[in-house]
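Asker: Here is how the chains run, residue by residue.
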Amino acid sequence: MTPWKPAPLIAALLASSLSTLGAAGLAHVIRARAARVSHALPAAGRQLLDPAQVTPALIKQGSELFLNSCAHCHGADARGDEGPDLHDLEVSDRRIATVITHGIEGEMPSFAKKHGREDIVAIIAYLRTLK
Amino acid sequence: MNFAAIPWAKLHGAATHFPIVLSVVAFACDALAAWRWSRPEAHGLRQAGLGAIVLAAAGGVGAVVSGLVLARGELWGDGALGRHHRFVWPAFALVTGAAAWRWAAAGQLTRGRLAAYAVTVLATAGLIAASAYYGGEMLLGQP
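Read top to bottom, the protein sequences are chains A and B. Using this note's numbering, you'd call the opening residue of the first sequence number 204 and step up by one each time. Using this note's numbering, you'd call the opening residue of the second sequence number 112 and step up by one each time.
I should point out that these hints are in silico values taken from the structure, not numbers from a laboratory. Take the hints with a grain of salt, since some may be wrong.
To be verified - Subject to a maximum C-alpha distance of 25 Å in a straight line, what follows is the list of computed SDA-like cross-link-like pairs (lysine to any residue):
| # | chain 1 | residue 1 | chain 2 | residue 2 |
| --- | --- | --- | --- | --- |
| 1 | A | Lys208 | B | Tyr244 |
| 2 | A | Lys208 | B | Ala227 |
| 3 | A | Lys316 | A | Asp288 |
| 4 | A | Lys208 | B | Ala215 |
| 5 | A | Lys208 | B | His154 |
| 6 | B | Lys121 | A | Ala235 |
| 7 | A | Lys208 | B | Ala142 |
| 8 | A | Lys208 | B | Leu161 |
| 9 | A | Lys208 | B | Gly162 |
| 10 | A | Lys334 | A | Asp253 |
| 11 | A | Lys317 | A | Arg298 |
| 12 | A | Lys334 | B | Glu248 |
| 13 | A | Lys334 | A | Val302 |
Just so it is clear, the structure is predicted and the values come from calculations on it, not from any experiment.
Generate the whole structure from the sequences, applying the supplied hints.
Answerer: In structure tokens:
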């Protein structure tokens, strides 16, 4: 029987570690570059919404902002009207923020002048309650 | 060099198919080589298995680099992207580790070691297939 040598196993562990750490490092570089060149909201953290910050008051604030700015197209219950249903959104907080801030060409106006970061965080907190 | 002008989405689509296909090829070749260990064709199958897993890992590197650019550096994410990443990272670690092991162990393979390796590659192929499914969901699934 061929004697067992640890070198292949070490090579495998090294390759796995280096590849995943390399990917994490590359992701960090890309995020830093994206934050530098992006016109979207500043990258204080990848998630705009820290779960610890979500309070009933924040959700209520988001609900009021939603009724004022979004309900006209998305419906008062957010079940969709002219705009789509916003329940169970499977997009990131950042994506929601970008859509609110920049709008969607030909479909939805920009709310950049009306709502700043704090408003958007409140709206996202409310939207995440829509299940 | 204009970084944004590079067609990252097309590159990602092209690169991902290397690990998707070649991990299955690597499993098939090395599983057959283990099964028919002492037959004349086993040597050729082992060579093909080694080439397939090395190319699968190389394609995986290209897929991960282009994918990270597309996801703007997001390592996890929500929804389909999160589910995609849940399978991508273990698959990537396994395919690069398997390729390194297979390359380094080429001179000291035994039937049992090759069979155990083939099982690992099969698991890797399963993870890659799952990540590919959720990658497809991002493109073709319901918004």
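Asker: Evaluate each hint against the coordinates.
Answerer: Results of checking the hints against the structure:
1. Lys208(A) <-> Tyr244(B): 38 Å, violated
2. Lys208(A) <-> Ala227(B): 16 Å, holds
3. Lys316(A) <-> Asp288(A): 24 Å, holds
4. Lys208(A) <-> Ala215(B): Holds, at about 10 Å.
5. Lys208(A) <-> His154(B): Between Lys208(A) and His154(B) the Cα gap is close to 21 Å, so the pair holds against 25 Å.
6. Lys121(B) <-> Ala235(A): 23 Å, holds
7. Lys208(A) <-> Ala142(B): Given pair Lys208(A), Ala142(B) holds - Cα atoms ~22 Å apart, limit 25 Å.
8. Lys208(A) <-> Leu161(B): 19 Å, holds
9. Lys208(A) <-> Gly162(B): 22 Å, holds
10. Lys334(A) <-> Asp253(A): Measuring from Cα to Cα gives roughly 19 Å; hence the hint holds.
11. Lys317(A) <-> Arg298(A): 18 Å, holds
12. Lys334(A) <-> Glu248(B): Since the Cα atoms of Lys334(A) and Glu248(B) sit roughly 21 Å apart, the hinted pair holds (cutoff 25 Å).
13. Lys334(A) <-> Val302(A): Roughly 20 Å separates the two Cα atoms, so the pair holds.
This entry does not satisfy hint 1, going by the numbered hints stated previously; all others are met.
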